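Chains V and S are the protein sequences, given in the same order.
For the first sequence, this note's numbering assigns the number 1 to the initial residue and increments by one for each residue that follows.
For the second sequence, this note's numbering assigns the number 1001 to the initial residue and increments by one for each residue that follows.
Treat the hints as calculated values from the structure; they're not laboratory data.
Do not take every clue at face value.
Derived, one-sided and incomplete: chain S residues facing chain V with beta-carbon distance under 8 angstroms [to be verified]:
#1 1111
#2 1118
#3 1181
Label pairs and their computed distance ranges (CB to CB) [said to hold, decoys possible]:
#4 1116/S x 143/V: 46 to 52 angstroms
#5 126/V x 1096/S: 41 to 47 angstroms
#6 52/V x 1204/S: 35 to 41 angstroms
#7 1041/S x 114/V: 31 to 37 angstroms
#8 144/V x 1197/S: 38 to 44 angstroms
#9 1038/S x 5/V: 40 to 46 angstroms
Because the structure is a prediction, the values reported are computed rather than measured.
For glycine and all other residues, C-beta sits at the position ideal for the given N, C-alpha and C.
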Amino acid sequence: MTSIDDSDDATAQVGITAASMDLSGRQYLLIAIGDAPSTTAKVDKWARDLASAHRAVALYSLPDGAGVEDLIDASTVGVRIMISGAESEVMRAIAVARAAGILPCELFIHISHVDVINVFCPHCDTATRALARPDHTIECSGCARDLLVRPHTSSHRAMYLASVA
Amino acid sequence: MTELLTSDLTCLPWPFPAGDETFRYAVNVEPAPRYTPTLAGGWGRHVVDLGLEYVPMMQLKREILAKDPGRVQILPHMIPACWDVMLYLMRQMADSYPETMQLAGQGNRYHWRNTLLDIDQHFEMGDLATLPEDPLTFIGCQVPDDILLLTERHDQLWFDAAIVTFAADWSIKFDVGMNFNEIHRPVPGLTSGGITSRAQQFMRHLTTDRIFRRANWTFSAVGSPHRDTSLETRPEWEDDIPNLIADGDYGRVQLRIELEHLIRLPLTGALVFNIHTYMAPLSDIATIPAWAEQLADIVTELPADIAAYKGIDSYRHHAARWLRTQSSAPAST
Chain V
1 MTSIDDSDDA
11 TAQVGITAAS
21 MDLSGRQYLL
31 IAIGDAPSTT
41 AKVDKWARDL
51 ASAHRAVALY
61 SLPDGAGVED
71 LIDASTVGVR
81 IMISGAESEV
91 MRAIAVARAA
101 GILPCELFIH
111 ISHVDVINVF
121 CPHCDTATRA
131 LARPDHTIEC
141 SGCARDLLVR
151 PHTSSHRAMY
161 LASVA
Chain S
1001 MTELLTSDLT
1011 CLPWPFPAGD
1021 ETFRYAVNVE
1031 PAPRYTPTLA
1041 GGWGRHVVDL
1051 GLEYVPMMQL
1061 KREILAKDPG
1071 RVQILPHMIP
1081 ACWDVMLYLM
1091 RQMADSYPET
1101 MQLAGQGNRY
1111 HWRNTLLDID
1121 QHFEMGDLAT
1131 LPEDPLTFIG
1141 CQVPDDILLL
1151 TERHDQLWFD
1161 AAIVTFAADW
1171 SIKFDVGMNF
1181 NEIHRPVPGL
1191 TSGGITSRAQ
1201 QFMRHLTTDR
1211 IFRRANWTFS
1221 AVGSPHRDTS
1231 LETRPEWEDD
1241 IPNLIADGDY
1251 GRVQLRIELE
1261 HLIRLPLTGA
1271 LVFNIHTYMA
1281 PLSDIATIPA
1291 WAEQLADIVT
1301 ELPADIAAYK
1311 GIDSYRHHAA
1321 RWLRTQSSAP
1331 AST
């Protein structure tokens, strides 16, 4: 076995996160964001698989994606980060990890479920938190325009794009 | 706001090879600069083409930036590449236009003169206090091109700085910081067809001694010479094409051609993706019958997903019919 788990998530497809998690890391940080059963079940599975491969594992539970920054600050070369949680928080965690210099091959994600998303309005430069999916229309919290949510996401901003239709 | 009124017909980089009746996305690059005559004139003599209305265009850029400073995006690690591209484009322009632009210097200290814009600036490379603004904005407001800067990390290209005032329905604020694949995810067939990875391979293999260019095209989202068709300003222009269609006024549809230059910068190794946007109305294209016919053929045959991505699917057949009618009409009209 040379890797655990594969991801077909959009960020893995475009090379922002790893398509599979290799076993050459010195330490694996397994991070559950939130406590949804589908989130923790995934992290538990990673922990079992890594334990059977005799890898060093540290388990964390965070309330939101921003908390990943402190864990990265305290980590050293050879760390691997595996994150499971709701889409919006995982996207936030990816943006934070990227800004901290984590490489795509060092970061593996699992989106356990989708609830709210963060939507970027290019007309007024405001983010809106909304219960929506691509092709839905939302009202911008900044300019109050009706925005059509697009499928395009930014791993830098951790947001979906939207615009007037 | 300043509007540019002169059609670019005579200097239009016609993007379709003679005889082609279809269009698909491709990595259609060629060495630059190289003067290329066309049926209407010619293009491509210089890497930086000042265009037909240089001073008004620079004024327009300043106006767009004053209204929306976010059209300049520079991630913190990109400042050295901004200096690099500034000096590089100054050298290009001084070589191309020695009568009006000069660069003199020794070591890190330079003297730049652009008499067309009354700019006379002494600066020291790397010292921000010696310029009136950041180097990307300073040079970006002296070239007609939008300037996009990419860096290489982890075998990928990252779009980490740019000055963009003439975007075709996209947002620099949203796209900054993305990698190459992430930017191009919405373009139909581009990634699955392997074009994104081939384009990225090509750019990653660029060396500092050779420049390449590529032409891309669409119809402008606005049926006038109006240049700021960014996603940011979409609420201001989104009704224009529906009105044009309602009026059947296809002569004012603008063929929009982006001439892109691909450059590897000598000091930082960052990559430059310069975009000079040329526009000419179909009423002008119709005066060159061979162009009108070829464009009509290509627009008619375009697969629906590409036409939808270009935003022209709803009216392209009407526009093609209009072109055919006009170009076959007597020349006296």
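The hints, checked one at a time:
no. : hint                               : result
1   : 1111                               : violated, 37 angstroms
2   : 1118                               : violated, 33 angstroms
3   : 1181                               : holds, 4 angstroms
4   : 1116/S x 143/V: 46 to 52 angstroms : violated, 38 angstroms
5   : 126/V x 1096/S: 41 to 47 angstroms : holds, 42 angstroms
6   : 52/V x 1204/S: 35 to 41 angstroms  : holds, 39 angstroms
7   : 1041/S x 114/V: 31 to 37 angstroms : violated, 53 angstroms
8   : 144/V x 1197/S: 38 to 44 angstroms : holds, 41 angstroms
9   : 1038/S x 5/V: 40 to 46 angstroms   : violated, 55 angstroms
The structure shown violates the earlier hints numbered 1, 2, 4, 7, 9.
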